[in-house]
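Make a model of the complete structure from these sequences and hints.
Mapped onto mature numbering (1 follows the signal peptide of the UniProt record, and there is no 0), the consecutive letters of the sequence shown carry residue numbers -24 to -1, 1 to 508.
Certain hints may be false.
[Claimed, not checked] The list that follows gives simulated cross-link-like pairs (lysine to aspartate or glutamate, EDC-like), each with its CA atoms no further than 20 Å apart:
id : residue 1 : residue 2
1  : K454      : E488
2  : K203      : D119
3  : K426      : E352
4  : K323      : D290
5  : K481      : D420
6  : K61       : E19
7  : K206      : D119
8  : K275      : E264
9  : K170      : E352
[As the list claims (entries may be wrong)] Computed Cβ-Cβ distance ranges for the label pairs, DEER-style:
id : residue 1 : residue 2 : range
10 : M505      : M342      : 19 to 25 Å
11 : E385      : D178      : 47 to 53 Å
12 : N280      : E340      : 40 to 46 Å
13 : L276      : M342      : 23 to 29 Å
No lab work stands behind these hints, which were simulated from the structure alone.
Being a predicted model, the structure only gives us computed values, none of them experimental.
Note that beta-carbon positions come from the ideal geometry of N, C-alpha and C, so glycine has one too.
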Amino acid sequence: MYNACTLSNTWFTCWTLLVGEVQSRALTSLQLKLVNPTHYRFEHLATQLKWRLQEGRGEAVYQIGVEDNGLLVGLSEGDMRASLKTLRRMAEKVGADITLLREREVDYDSDRNCRKISEVLVRKVPDDQQFLDLRVAVLGNVDSGKSTLLGVLTQGELDNGRGRARLNLFRHLHEIQTGRTSSISFEILGFNSKGEVVNYSDSRTAEEICESSSKMITFIDLAGHHKYLKTTIFGLTSYCPDFAMLVVSANTGIAGTTREHLGLAMALKVPIFIVVSKVDLCAKGTVERTVRQLEHVLKLPGCNKVPMLVASPDDAVTAAQQFAQSSSITPIFTLSSVSGESLDLLKVFFNILPPLSNSKEQEELMQQLTEFQVDEIYTVPDVGTVVGGTLYSGVCREGERLVVGPTDEGRFLRLKVGSIHRNRSACRVLRAGQAATLALGNFDRSLLRKGMVMVSLKMNPTICWQFEAAIILLFHAKTFRRGFQVTVHVGNVRQTATVECLHGKEELHTGERAVVCFRFIKHPEYLRMATL
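If you want it as structure tokens, here you go:
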């Protein structure tokens, strides 16, 4: 069996790879109090914090005033001030900053004195481009306000109600003329070690944003129109998003490709949250009706989600933590890109949102041989051929020699990596899970295509003409049988394939599952075996 794929012409999705939920999150530490520790105790606490930051890939959350068993005891105002002061000293020692997320009073043992508990985010100050990078795919029906929302978040200026904020995101003239995204574009939003937003409003270039940020959100802006559905599927399967943001217009509700995009994200096991946009255009009752629509769909047996409406900063913190801990939680935001209503709640959510994998899992991937997926190919003046994509495993350095393929004949060709750029900034080392562009000098661009891989010389890559996959037929007007041709999406591979046979069945109808044998039509591909 091979890794999760989507067959776009007839709405199939393979369930083979992404069956296990990832439960590794940013670490939360429970501390009753940190008042005037001895030198030895302070050093021990600082070492503990350093380890927690490493495990959380640069982030950790401390809950002060909570016992190890989770009992909310609380601290007096003086003890809380002293504990926060100690935590700040600990953070400074390990090169981090602290941000108070929330604070609330508790009743403990009928104590008349005011007792408080505090939740504090500790985040590493960026060094040598080792910022935490989360990828968020942006889904939703056409005209739901996806690109406008990204423009407001990344440019730092509200929209004028006529789409001004989205103009910087478009890549083609026809996108500007129609106002509709037809290609995949990337935008970045940074947060510094103190949790403050870093975007183009106070940074002139992407390099400045990267240098100032401890955490980076990379938005993958996907197309909403049905005729660009294959492009959207490619973005979801190829760019390995950590999360998906489904944007729904408050005035139209669930319409067009909204259900299809929700189904795709769920089929590929991408955790999804929902943003209801354009609330400034609607009466309060209309917004509430759209939210009820979404809650109804999310609770259906096919989804089995628990909707969580975010209405306050406290809700946003809780939503970020619970969303990362359970794939069934689905936060819902209601906001406006014109008035800015509730936009800060979404920023709080992004600031707190922890990574899906911890440092141990990333370290295991880095120990493997180098494998880079080729998603984009460019020719840059004075640089030569440049490829963009994601490093699936291993470590890639400037000057490293790799092989790329397979070609139409099934061969792999030798090449040398020149320079590396990550988020438009020069980078010497690329680690597993990171996306970047690699300069290949005078390597012949005509020998490259999307879907290829660049792998270590030590690897013995195998090519594949024929493969088996476990699929579920989400929807098709006719029956699915031998000889049928479909477009197969397997990671960054996208190619037409023929159905060779269905194991145990003659044909397949909507809603049915089967193990199917496919054969590529044009050329062989490199596929990775799924771990069952």
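Results of checking the hints against the structure:
no. : hint                      : in the structure
1   : K454 <-> E488             : holds, 13 Å
2   : K203 <-> D119             : holds, 14 Å
3   : K426 <-> E352             : holds, 6 Å
4   : K323 <-> D290             : holds, 13 Å
5   : K481 <-> D420             : violated, 46 Å
6   : K61 <-> E19               : holds, 15 Å
7   : K206 <-> D119             : holds, 18 Å
8   : K275 <-> E264             : holds, 16 Å
9   : K170 <-> E352             : violated, 34 Å
10  : M505 <-> M342: 19 to 25 Å : holds, 20 Å
11  : E385 <-> D178: 47 to 53 Å : holds, 52 Å
12  : N280 <-> E340: 40 to 46 Å : violated, 30 Å
13  : L276 <-> M342: 23 to 29 Å : violated, 40 Å
Hint compliance for this structure: hints 5, 9, 12, 13 are not met, and every other hint is.
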